[in-house]
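Enquirer: Below are the chains, spelled out letter by letter.
There are 2 protein chains.
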Amino acid sequence: MDSINIKKLAEALNLSTSTISRAFRDNSDINAATKTLILEKAKELNYQPNHYASNLREQKSKTIAVIVPELANNYFSQAIHGIERVARENGYHILIYVTDDDYSKEVNFINHLHNGRADGIIMSVSGEANDHNYLNKFGANRLPLVFFDRVYEDIETPRIITNDYKSSFLATEHLIEQGCKRISYLVVNKSLSIGKTRMQGYIDALAKHNLPFEEQLIVDCSNSYEENSVIIKNALTQLKPDGFFASVERLAFATYYACYNLNISIPEDLKIISFSSLEIAPLLNPSLTTITQPATEIGTEAAKMLFKILDANGLKNLPSEVVLESKIIMRNSTSNSPEKP
Amino acid sequence: MDSINIKKLAEALNLSTSTISRAFRDNSDINAATKTLILEKAKELNYQPNHYASNLREQKSKTIAVIVPELANNYFSQAIHGIERVARENGYHILIYVTDDDYSKEVNFINHLHNGRADGIIMSVSGEANDHNYLNKFGANRLPLVFFDRVYEDIETPRIITNDYKSSFLATEHLIEQGCKRISYLVVNKSLSIGKTRMQGYIDALAKHNLPFEEQLIVDCSNSYEENSVIIKNALTQLKPDGFFASVERLAFATYYACYNLNISIPEDLKIISFSSLEIAPLLNPSLTTITQPATEIGTEAAKMLFKILDANGLKNLPSEVVLESKIIMRNSTSNSPEKP
DNA sequence: TTGTACGCGTTATCAC
DNA sequence: GTGATAACGCGTACAA
Chain A
1 MDSINIKKLA
11 EALNLSTSTI
21 SRAFRDNSDI
31 NAATKTLILE
41 KAKELNYQPN
51 HYASNLREQK
61 SKTIAVIVPE
71 LANNYFSQAI
81 HGIERVAREN
91 GYHILIYVTD
101 DDYSKEVNFI
111 NHLHNGRADG
121 IIMSVSGEAN
131 DHNYLNKFGA
141 NRLPLVFFDR
151 VYEDIETPRI
161 ITNDYKSSFL
171 ATEHLIEQGC
181 KRISYLVVNK
191 SLSIGKTRMQ
201 GYIDALAKHN
211 LPFEEQLIVD
221 CSNSYEENSV
231 IIKNALTQLK
241 PDGFFASVER
251 LAFATYYACY
261 NLNISIPEDL
271 KIISFSSLEI
281 APLLNPSLTT
291 ITQPATEIGT
301 EAAKMLFKIL
311 DANGLKNLPS
321 EVVLESKIIM
331 RNSTSNSPEK
341 P
Chain B
1 MDSINIKKLA
11 EALNLSTSTI
21 SRAFRDNSDI
31 NAATKTLILE
41 KAKELNYQPN
51 HYASNLREQK
61 SKTIAVIVPE
71 LANNYFSQAI
81 HGIERVAREN
91 GYHILIYVTD
101 DDYSKEVNFI
111 NHLHNGRADG
121 IIMSVSGEAN
131 DHNYLNKFGA
141 NRLPLVFFDR
151 VYEDIETPRI
161 ITNDYKSSFL
171 ATEHLIEQGC
181 KRISYLVVNK
191 SLSIGKTRMQ
201 GYIDALAKHN
211 LPFEEQLIVD
221 CSNSYEENSV
231 IIKNALTQLK
241 PDGFFASVER
251 LAFATYYACY
261 NLNISIPEDL
271 KIISFSSLEI
281 APLLNPSLTT
291 ITQPATEIGT
301 EAAKMLFKIL
311 DANGLKNLPS
321 EVVLESKIIM
331 RNSTSNSPEK
341 P
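So the sequences go chain by chain: A and B.
Oh and the first sequence: position 80 is 80 in UniProt numbering, straight run, nothing missing.
Oh and the second sequence: position 223 is 223 in UniProt numbering, straight run, nothing missing.
These are calculated hints, taken from the structure and not from any lab test.
These numbers come from a predicted model, not from an experiment.
Please note: incorrect hints may appear among the correct ones.
Since the list gives no way to pick one copy over another, a pair counts as held whenever it fits inside one copy or between any two copies.
Straight-line C-alpha distance at most 25 Å; calculated BS3-like pairs for lysine-lysine [what the hints assert, rightly or not]:
1. Lys60 to Lys7
2. Lys41 to Lys137
3. Lys8 to Lys137
4. Lys166 to Lys190
5. Lys196 to Lys181
6. Lys137 to Lys35
7. Lys8 to Lys35
Could you put the whole structure together from the sequences, leaning on the hints where they help?
Expert: Right under this line is the structure:
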């Protein structure tokens, strides 16, 4: 491996390594002429300062890590896209870690990242049912951390979230206004904060409209497509709901399949509204009424927040929470007079 | 910053840094007892070897970079998911770069990556219309590189692709068999290899079935949703095709919207088949007939290929091309007797 | 404005 | 089996 380094470049130009180094930083004084000379030669020889050496020297990595539960989900892809853009604009790179909703992977990732590999972490969490204390053991050495969407309530760190309670309330109210009397709430894990918050909106909307709340109408689903299929079919046949409020888009899709299967027609027999970032929700059969979160913007804001923390460098009068607005977009899956769009 | 390092850990245990270091590698000889002692203390003090120092020392980063044109696309999300899994299993991390189909960004990313930040690159290219020579200037120092899906034909490096020609041929034939006489081919950039290959399949299938090939039936679209909307509407009204073969899923979606708008009914008036990795294609209205690429598997194979190269360490009798099979899944958008599924 | 010299945290080599 | 030491490539005091 005869790759180029600062020393060789220095020799080639008959200069010292420090001068070369200076040519690549903005702060140091250096003769403009020598600087251009160096940069030219560097380009010619394809030299770039070694990232790891710089990092070691400067004790920072210009890298942020992004941890998400899954990737095959429009919401997270869009969020990452937002993060990537902001990161790049700031000269940062992003590392991606997928937990597959596995708490132990999350813990592993976080632990490993504390070896200097990243300057900060943006995470949507996976282990709400578990112990979050692993995040505290780093003490003051914990990397700057920003939560988005799925958060640990008991961990003190900035978070970017959406107004889930209000959206859920309005979503449920929308179903009620469309005539639903027996609305079921589909959730992946109702003990998770996000599932809980959304459920509370649902419960309160029922109460406001004097509809009884039945425990059994809370349908707790899993992460497995097959299991959900069974669970949802059972819910449909046994509970006989006339409305579904899905807390996650995946559950709406599973419901569509189940309804096709059971010959239940949406929206005549069952109306459904779902949290979803799917851009082609209008193309579904029937088009799906969604609560759409500003996914890209959430990513953007999360990244901006992280950079604020990194810039602040200890000063801690930062906003601890940013709440963005989701939008309810009404379509045929909750319509009373569905027509082809 | 009083973070822990190997020296402090050594002091805390009254050992030398070398011994500590040994405890963390698998190869070196070390007393089992001291090793467990060290690992325990390390855990207690939350010590991990600094990644950048190790990298500097070992001249490798245990990191691979993934460059994709876009992220808000099921295909690439799934591919990245596959890559991430394999990388993690090999103890590697992945950096993500999104070019937004901008050639200059791609060049920038590649250049920057050659500073030691990554050990290898997996890329789906963005700049086919441009000069690919920038990849050659690194000479023997070029990082190991694997292309997937979108490749530069003139760059010699392993690639993971799908049998696009055959799929396209079969897709077109399928439309013909369903009774289409006037099939239009929707492409984003017909000069790109992927657009070209798919087009050739289309052309040859027409020929086989004695259908005339008309230049104007090749509809060249853009990356802008608005522009495509206009282009496709024009194509529908002016060319009056009875079949669409979309080389990219985005164009199929745009067609759906256009047809809703123009009151053209799919599949009665227009049949459509598209390359797409959308998992909920069955839920569209009507359900979309797709050529589905094994996206996750492509990612997996690309990553495996890269690791093979990294392991081979120069030995170059590696397969230069892996071709995976796409599947055509027939649904209602190309059906002659559509019924609700 | 430029050069010298040291150290960032780690690991490989060579002693012991 | 363990310790001392040099080197990885770079950036910055400090000296010139």
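Enquirer: Are the hints correct? Go through all of them and say.
Expert: To see whether the hints hold, each was checked on the structure:
no.: 1; hint: Lys60 to Lys7; in the structure: both (23 Å within a copy, 19 Å between copies)
no.: 2; hint: Lys41 to Lys137; in the structure: between (48 Å within a copy, 14 Å between copies)
no.: 3; hint: Lys8 to Lys137; in the structure: between (44 Å within a copy, 18 Å between copies)
no.: 4; hint: Lys166 to Lys190; in the structure: within (17 Å within a copy, 47 Å between copies)
no.: 5; hint: Lys196 to Lys181; in the structure: within (22 Å within a copy, 55 Å between copies)
no.: 6; hint: Lys137 to Lys35; in the structure: between (46 Å within a copy, 23 Å between copies)
no.: 7; hint: Lys8 to Lys35; in the structure: within (16 Å within a copy, 40 Å between copies)
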